[in-house]
Amino acid sequence: MTATDIGMYVSAGMLVMVVLGMRVAFAAAMAGLVGLVWIFWSRKGYAGDEFWWALEVATKTAGQVPHGKIASQALSLIPTFILIGYLAYHAGFTRALFDAAKKWVGWVPGGMAVATVFATAGFSAVSGASVATSAVFARIAIPEMQENGYNKRFAAGVVAAAGTLASLIPPSAILVIYAIIVEQDVGKLLLAGFVPGVFSAFVYASIIIGLALTIPNFGPPVRGFTWGDRFRALPGALPILFVVFIIIIFIYNPFGGDAWGTPTEGGAIGAFVVFLMALWRGMRWPAFREALLETAKLSVMIFSIIWGVLIYVRFLGFADLPGVFSDWITSLEMSPMLILICILLAYAVLGMFMDAIGMLLLTLPVVYPAVMALNGGEFVSAADSTFGMSGPMCAIWFGILVVKMAEFCLITPPIGLNCFVVAGVRDDLSVQDVFRGVTPFFIADGLTIALLVAFPSIVLWLPSLA
Amino acid sequence: MAMKAAVREDGSRLSRLDRGLYRIESWLGLASGLAVFGLMLLAVYSVGGRNIMNSPVPGYVDWIELIMPLIAIAGISFAQRDGGHIRMDILIGRLRGRLLWMAEFLSTFLILLVMILLVWGTWAHFGRSFDWSAPNFSRDSTIDIGLPIWPAKLLVPVAFSVMALRLCLQLWAYGRAIMTNDAVAVPMIEDVAAIAAREAEAVSGAEPRS
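From first to last, the protein sequence lines are chains U and X.
Numbering-wise, our numbering puts 396 at position 396 of the first sequence, and it's gapless, one number per residue.
One rule links them: number in our numbering = place in the second sequence (from 1) + 466.
Do not rely on the hints blindly, as some may be mistaken.
As the list claims (entries may be wrong) - Pairs of lysine to aspartate or glutamate, EDC-like flavour, derived with a Cα cap of 20 angstroms:
#1 K44(U) with D5(U)
#2 K60(U) with E50(U)
#3 K152(U) with D320(U)
#4 K69(U) with D610(X)
#5 K60(U) with D606(X)
#6 K60(U) with D528(X)
#7 K69(U) with D185(U)
#8 K60(U) with D49(U)
#9 K44(U) with E56(U)
#10 K69(U) with D528(X)
#11 K152(U) with D433(U)
#12 K69(U) with E183(U)
#13 K152(U) with D428(U)
#14 K69(U) with D606(X)
#15 K44(U) with D320(U)
For the record, the hints were derived by calculation from the structure and aren't laboratory data.
Just chain U, with the same shape it has in the complex:
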């Protein structure tokens, strides 16, 4: 049996364990350990007394990974972003944002729904947790939309869909994770998420305005706010904009010259501002302690998957599975663009059943090298490449596409989590109602993804400036 055969058996075994419900981090670590033992033992011809030698070498190889890979400055960005999100809850930004959005954009047709999209997008920016964002806005925004005569299914759909914007608009923990796994520049990936994230929000808003203009009594504009009202609503919402702004400024200095610092430092300053706001708005030790514990828990969950998968990746290196998969993909008699679309569709299917972070971490070690090979290799120039972009730019483009795909799955049946959450929060709505209400946004997301595939410059414009 060749090393590649072992790679395939072990990877298949790992997927079975994940489907059966074993926790992803440990299923990956187990696959890595078993695979390493198997490969080392096979090199000794499966001699009985060599098994213990193989076990020892494999265990010590795997034992280097948790500390060795985690102790890095680049990874420190993840807990900082998570902390911003939890502190933001305790600072009570959600209502302030919704209030400001209502006063500023309520006058457009379908104004209350448009305000919900922008408020949710704004809060998503600091929270990064789509599901929780949908849960809280379901409580705030749906009743107000219903009072204004919106169909309750549609109102629920707006909240479920807008919650998905979190993962693209900086600070996005999932983009940091992608960057680490594929060893690309974290700052450029975060920048790259900004335009598609805002673009998605505008697509959602356009759909709402379009529906409001064509369907009678759909959702009236909310008028009657003075400029004084609008400016008075701003201070509560400003820190959120400040956090996004400061992170972008730290990565890419628009005034020319060197960047002001690292993304981690930008994230830390953002977290500090949100912390001060939370203190000012009445956060005390019990709430702060809760925020710290939640941050710790979510951080350790993500890091466990990272080191678990990296043990598996170390085994994959010995098995050369990524190389074989890349060779197979590039030898297919199909257009590379069609292959890329098939890969994205496979993610859409997988994402219907699996958490986004787990899905990306488990599959990227094998899929990412294949996509790079399709484009002509990691160091290819734009002129020689298949998709018309250099290796690093292709890595950024693909990252944004898969992350958008993973978020898309939060509103697709059968287990679109955001829809379940909105239905769970509102007693008067069934999951079917929310899935029906979210349909226009589902189509909008499909369109957005098609546009991002057809016009990569939407994604690559900002990072190419940095």
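Could you slot chain X onto chain U? The hints should help.
Frame of chain U; chain X shown alone:
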């Protein structure tokens, strides 16, 4: 958001042990959370020092490297106790009663095997760095200000050992559940709606002012 999952408690010895271990795990979790906060303060101080006072913090990156394992690994058992670690529960969520406890027992047992091997592997990794006769007991140090790395490496097998203890306790609990069909001291699988309602409640609790 990962809030506390439902873990049933009663007066049994198993449940008392569970609560005792949870206290230790919570402390480790809090230490990890405080480390994130410390990391944030350090970065703010570093930016301020560099840009305002023109004096960068010495060893900024060295400190981050030492703090990261505390953030990333110390709370591993805390997350396991609350059923936090990410999994796909589309199949296992359909099981009920003894069949569910058997499936959980098997998967917990496999995780325990992995953790025992990793305690061994990470201890060996620490062992290569620690030396009684070397200055600061250290064979290696960080690149800028020469901090010893072994404390960060030691933290990993310690956290993994606490995790192994937690897994033993969960095996006991699942074993008991298989016999009595009554589960204590283990996280219960909840449906999405229940999780959603709990999250919304927690998040709304953080919204005292409107």
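Taking the hints in turn, this is what the structure says about them:
1. A hinted pair counts as satisfied when its Cα atoms are at most 20 angstroms apart, and K44(U) with D5(U) qualifies at roughly 17 angstroms.
2. For the proposed pair K60(U) and E50(U), the alpha carbon gap of about 16 angstroms is at most 20 angstroms, so the pair holds.
3. Between K152(U) and D320(U) the alpha-carbon distance is near 53 angstroms, which puts this suggested pair outside the 20 angstroms criterion.
4. For the hint pairing K69(U) with D610(X), the CA-to-CA distance comes to about 19 angstroms; that is within 20 angstroms, so the pair holds.
5. Between K60(U) and D606(X) the CA atoms are separated by roughly 18 angstroms; this keeps the pair inside 20 angstroms, and the hint holds.
6. Distance restraint check for K60(U) and D528(X): the Cα-Cα separation of roughly 25 angstroms exceeds the 20 angstroms cut-off, and the hinted pair is therefore not satisfied.
7. For the given pair, K69(U) sits about 17 angstroms from D185(U) by alpha-carbon distance, which is consistent with the 20 angstroms threshold.
8. Simply put, K60(U) and D49(U) have alpha-carbon atoms about 18 angstroms apart, close enough for the 20 angstroms limit, and the pair holds.
9. For a cut-off of 20 angstroms, the pair hint linking K44(U) to E56(U) stands: about 14 angstroms separates their Cα positions.
10. At roughly 15 angstroms between alpha-carbon atoms, K69(U) and D528(X) fall within 20 angstroms of each other, so this suggested pair holds.
11. Taking the CA atoms of K152(U) and D433(U), the gap is about 8 angstroms. The hint holds against a cut of 20 angstroms.
12. For the given pair, K69(U) sits about 12 angstroms from E183(U) by alpha-carbon distance, which is consistent with the 20 angstroms threshold.
13. Note on K152(U) and D428(U): the hinted pairing holds, with a Cα-Cα distance of about 9 angstroms set against a maximum of 20 angstroms.
14. With a C-alpha separation of about 16 angstroms, the suggested pairing of K69(U) with D606(X) holds against the 20 angstroms cut-off.
15. Under the criterion of a C-alpha separation no larger than 20 angstroms, the hint pairing K44(U) with D320(U) is consistent with the structure, at around 19 angstroms.
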